[in-house]
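Novice: Whenever a hint applies, use it, and build me the whole structure from the sequences.
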Amino acid sequence: MHNRNIYRRATDSVKLAKVYPELENQCLTKTLSYRDFGVHVVLPEDRLCPPVYNGILYIMREHPSSSVCGIDIGTGASAIYPLSACKLELDWSFVANARRHIFSTSRINISRKHFGNRVHVLQAHPGQPILFPLNTYPDE
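Anchor point for the sequence shown: position 86 equals 983 in the working numbering, and the numbering is continuous, going up by one each time.
What the hints contain is simulated information worked out from the structure, not anything from laboratory work.
Derived lysine-lysine pairs resembling BS3-like cross-links, with alpha carbons at most 30 Å apart:
| hint | residue 1 | residue 2 |
| --- | --- | --- |
| 1 | K984 | K915 |
| 2 | K1010 | K984 |
| 3 | K1010 | K912 |
| 4 | K984 | K912 |
Pairwise CB distance ranges, derived in the manner of DEER restraints:
| hint | residue 1 | residue 2 | range |
| --- | --- | --- | --- |
| 5 | R906 | G1024 | 38 to 48 Å |
| 6 | K915 | V965 | 31 to 41 Å |
| 7 | P1023 | H899 | 28 to 38 Å |
| 8 | Q1020 | C966 | 11 to 21 Å |
| 9 | R944 | H1022 | 14 to 24 Å |
| 10 | P1026 | I1005 | 18 to 28 Å |
| 11 | N900 | L1019 | 32 to 42 Å |
Cβ atoms here follow ideal geometry from the backbone N, Cα and C, with glycine treated the same way.
Specialist: Have a look at this one:
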């Protein structure tokens, strides 16, 4: 496991449950997001809930030595990839697209961490090319 991965040691779920008694399926993601990134994520009950450590593992593996503007196609409601990447890597930014039913939730999660200037969530529309929002994104 990458030596900078903050999840290289096992998570003590019992200890976490004492801090966050409602610990269950979505609560572990909510708890880790708050403990490690300082953000209270909103997670709709009808959406998948990716483990936080999956995002961290991917980011640590792909970690270059320079700034990055990442693309998260089909970001989830938690927006965990952009959130964790921007928390861990101060010179990274993201453009993400989200479908209508989770667009506002992912934007709420980004704005709660005040990453609105580094993470831009654009709404994707069925029937349009998957990278549609990106071709309207202004160059920076």
